[in-house]
Amino acid sequence: MKFQSIKTSELDKKQIDHILNLKNTHWKYGYESQLTWFKKNSLTNDAHNLMLINDEIVGYTFLGNRTFEILHLSKIIKKLPYILFETLILSEKYRNFFYVSKLMKFNSKIINKKKNPSFLLCHNPNVKLYKFFGWSSI
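Using my numbering, the letters of the sequence shown map in sequence onto residues 240 to 377.
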């Protein structure tokens with residue numbers, strides 16, 4: 240098992256294809272819809288964290304590098320960076336605590352290295368999982 244964090248600009252077509260097919264195993268929107276989302280939401284410097292077993296992508300997380308603006312009297316006074324944690328997915332064969340914990344540990348390492356706050360949005364059934372890995376609700 241190995242891990243890679245690759246910027247959008249460094250992903251090749253084969254990797255993108257594998258990511259989109261993996262995502263579609265859980266979120267059944269269809270390949271074209273996954274591709275549209277990817278093109279619309281993946282910026283050049285976003286991180287795509289891959290978990291590989293035998294050189295096959297079996298786990299994936301999207302970490303988007305974003306900024307938020309602090310406003311005062313409708314004027315931007317400061318822009319601050321943050322990391323948007325999205326899309327935690329594992330191949331069905333690897334959807335168990337052992338592999339999730341390995342990928343989450345890698346994600347935490349990447350997030351902590353950047354020293355920016357990170358936010359994730361999830362559905363209620365997943366809150367307990369993320370809290371286990373140190374995330375908190377706001």
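Treat the hints with caution; some may be incorrect.
List of simulated lysine-lysine pairs, DSS-like, C-alpha gap at most 30 angstroms [as the list claims (entries may be wrong)]:
#1 Lys-317 x Lys-262
#2 Lys-370 x Lys-341
#3 Lys-241 x Lys-352
#4 Lys-262 x Lys-367
It should be emphasised that the hints constitute simulated quantities derived from the structure, not laboratory data.
All of these numbers come straight from a predicted model, not from anything done at the bench.
Results of checking the hints against the structure:
no.	hint	result
1	Lys-317 x Lys-262	35 angstroms, violated
2	Lys-370 x Lys-341	16 angstroms, holds
3	Lys-241 x Lys-352	18 angstroms, holds
4	Lys-262 x Lys-367	21 angstroms, holds
Checked against the numbered hints above, the structure breaks only hint 1 and satisfies the rest.
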